[in-house]
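A.B. asks: Below are the chains, spelled out letter by letter.
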Amino acid sequence: MNRILILDFGSQVTQLIGRRLRELNVYCEIYPYDKVPALDDSVKGVILSGSPCSVRDANAPQVDLSLFKGKLPLLGICYGAQYLAHRCGGRVEGSIAREYGRAMLYVVRPDSPLMQGVSPHSQVWMSHGDTISALPDGAEVIASTQDVANAAFQIAGEQTYAVQFHPEVFHTDEGSKILANFALGICGLAGDWTPDSFIETTVAALRAQIGADKVILGLSGGVDSTVAGVLLNKAIGHQLTCIFVNNGLLRKNEFEDVLESYRDMGLNVIGADASKEFLSELAGVTDPEQKRKIIGRLFVETFDKYAKQIENARWLAQGTIYPDVIESAGIPGIASKIKSHHNVGGLPEQMNLKIVEPLRMLFKDEVRRVGRALGIKEELVGRHPFPGPSLAVRILGDITEEKLRVLREADDIFIRGLRNYDCTGMGFPSASDPRVLATNLYDAIWQAGVILLPVRSVGVMGDERTYECPVALRAVVSTDAMTADWFHFPYDFLADVSNEIINKVRGVNRVVYDISSKPPATIEWE
Amino acid sequence: MERITTPALAQKFIEEQIKELRAQIGDKKVLLALSGGVDSSVVAALLIKAVGKQLFSVHVNHGLLRKGEPEQVVRVFRDELKANLIYVDAVDRFLDKLAGVADPEQKRKIIGAEFIRVFEEEARKLEGISFLAQGTIYPDIVESGPVKSHHNVGGLPEDLKFELVEPIKLLFKDEVRVVGKELGLPDNMVYRQPFPGPGLGVRCTGAITRDRLEALRESDAILREEFAKNGLEGKVWQYFTIVPDYKSTGVKDNKRSWDWPVIIRAVNTRDAMTATIEEIPYALLHHITKRIVTEVPGVNRVLYDLTPKPTGTIEWE
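Line by line, the protein sequences are chains E and D. Every letter in the first sequence is one number past the one before it in our numbering, and letter 185, counting from 1, is 186. Every letter in the second sequence is one number past the one before it in our numbering, and letter 303, counting from 1, is 319.
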């Protein structure tokens, strides 16, 4: 597979470079700057990312440019551009003209391969304190902003380009055009990394890897495990056994509905109903950490019990996706994030299974595109993320059957309301496919749910005084779940849905809407 | 009775009341519990007009008042209106009594009973009081049926036999405001939001603690400041915050936090019997949320109450 390598110097938006390229149907991989892989023939170009560091710092991250500069097409972005200038005879200085946010870009050399078809004036997104005061040897300016003359340059006789701004962020109007010029024009990639080509090559690869072995997969009802299951089913059919655990904490009718969908798609699936065990062990437990631990342990036990019944299983499949896999760049003074894998932990060692992760090179939106190409219905492909401990983290305090009933009813009204609200023409981008606008509120939202609060409040129904529970509605937009903003509902939707919940759900007399961003709040409450 | 909607009707009401109050009170002394809310302030102003220094106003600071409120009551009534004002600092006394009490009715009863006790002590210090004035308004009488028990109806011991003076008991809130305006009370008093007798006590839900009460007072002050700055003061009937007794997770400085939420309540009504929520512009809600989570210690989340009355009451407890 022909590819572009993205070397990460620790910028928060490095992953976006990868996602923009993938949207152009260009395959790419992200590596930390200090772990450059072998540059074989499949590598058609290299991109150097931004960084929180300054090239003038003593311990600034370094890379051996001689590996690829002058040999392969090269694009430096922000820190990457400054690094090229700094190392190749130019000069980088701390600047008075710091630029953060929007700036207007003027193309100086419309004939440059990087600027082909880019409009003469366009908005770009800047985020830099340092500025390139002198270009590197052999370089010429190809675009400028009002404050920064050397906003983009190219080096004569090489396929080396650099931009001070961030073409990968949404606010750079011509960003995708510039990245396309680099990837498709300069690197000469075909743009043939499509869901269909991914499915074709992955199915072949899975068959070669697995042979006649048996594979076990835990299905959760979520997008990732569903797409992994359908893909494996296409590759190896009933050598795959799926286990779908009912922890008793799923949404209203979810276990039955999703199990039926899986069977309709021809998956060999075992419905493992352990709801009684989960609820009896959770009785009276109020501490959130304790709740999570019990659920995690029981999940492994249940999965284990059913998995053991599958004789001669050799592989455990997981719905791991690329953001779980990308190693973050170790930047001096900045602690790298430690990823805790929410996928089935601990099982392979006990069961002596090998791991197969067919989606490990895909971003979330690509998983959805692949799912759609596989013919999986929109209800499953466009599904919001759902926490592993399920509704347990949305019932603050201890869990009872009655509280679950109340929460399920309220949640069902909220989610159905989202799906049924036509928001065509309201300008909300789709959360499952950022290239289009959403037609219903469910698709405009990243994640949504109802939380049952552990207090009671006074109300009046008819002439009676009530003393019942409030519920909170939570709905956020996000691109990566690391940060999230609460969704700006039309007020008529909030009025209707809160009214319906109060009128129809026995035990609820009040509805509040969570208007907190992450940080400082989190998407889920526990 | 015709609803008081114009200055002329208010003037007529005031003249009638002054006549009636003078006839009822004569040269005797009147005692009034002055909370600083519109109702008791209007009663005080009526009585000051009718019987002047024969009125003795007692302001009890029970620790459950809004930020800056006790100070303002002293400034307006003692300094500006030159009334006989008795200020009682009973903060510790109330909060100690309330420690660990989670049941709303119990809390109301304690606050009500303690209030009567403090008030009684002050009453006994004064000699020759014959009348007790109260800011009872019409919805109080209607609502004290099955829904809530209002503390300002009755409760003093048998031996303190006062005759009641309730000059505005047949008025709705909007009428009280028209009368207050006509009495020459300052706008910030006339249009002051209604405030429950148990004060912030019913908004610090469950068992009251001093730190959570402080988070409530601060978040409420931020909300009021932002509403005033953004033209919502006087437009929105009643707005305040609630800090419930539970916590949820959040992230602060890359670390997990475990803090309280703040609930914003903002409702519109003509008469307090029914209410709908204010559709606050989202840009302003963002700004208020940001200020609350950054400025108020112990808070990591903000919620907006969507519930109309009915089915929710305006207050949470």
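Keep in mind the hints are simulated off the structure, nothing from the lab. In this text the structure is predicted, and so the values were computed from the model without any measurement. Careful: at least some of the hints might be erroneous.
[Stated by the list, open to error] List time: in silico DSSO-like cross-link candidates among lysine-lysine, alpha-carbon distance up to 30 Å:
id, chain 1, residue 1, chain 2, residue 2
1, D, Lys-197, D, Lys-125
2, D, Lys-271, E, Lys-294
3, D, Lys-271, E, Lys-36
A.B. asks: Next, verify each hint and record whether it holds.
C.D. replies: Each hint, compared with the structure:
| no. | hint | verdict |
| --- | --- | --- |
| 1 | Lys-197/D x Lys-125/D | 33 Å, violated |
| 2 | Lys-271/D x Lys-294/E | 20 Å, holds |
| 3 | Lys-271/D x Lys-36/E | 29 Å, holds |
The earlier numbered hint that this structure contradicts is number 1, and it is the only one.
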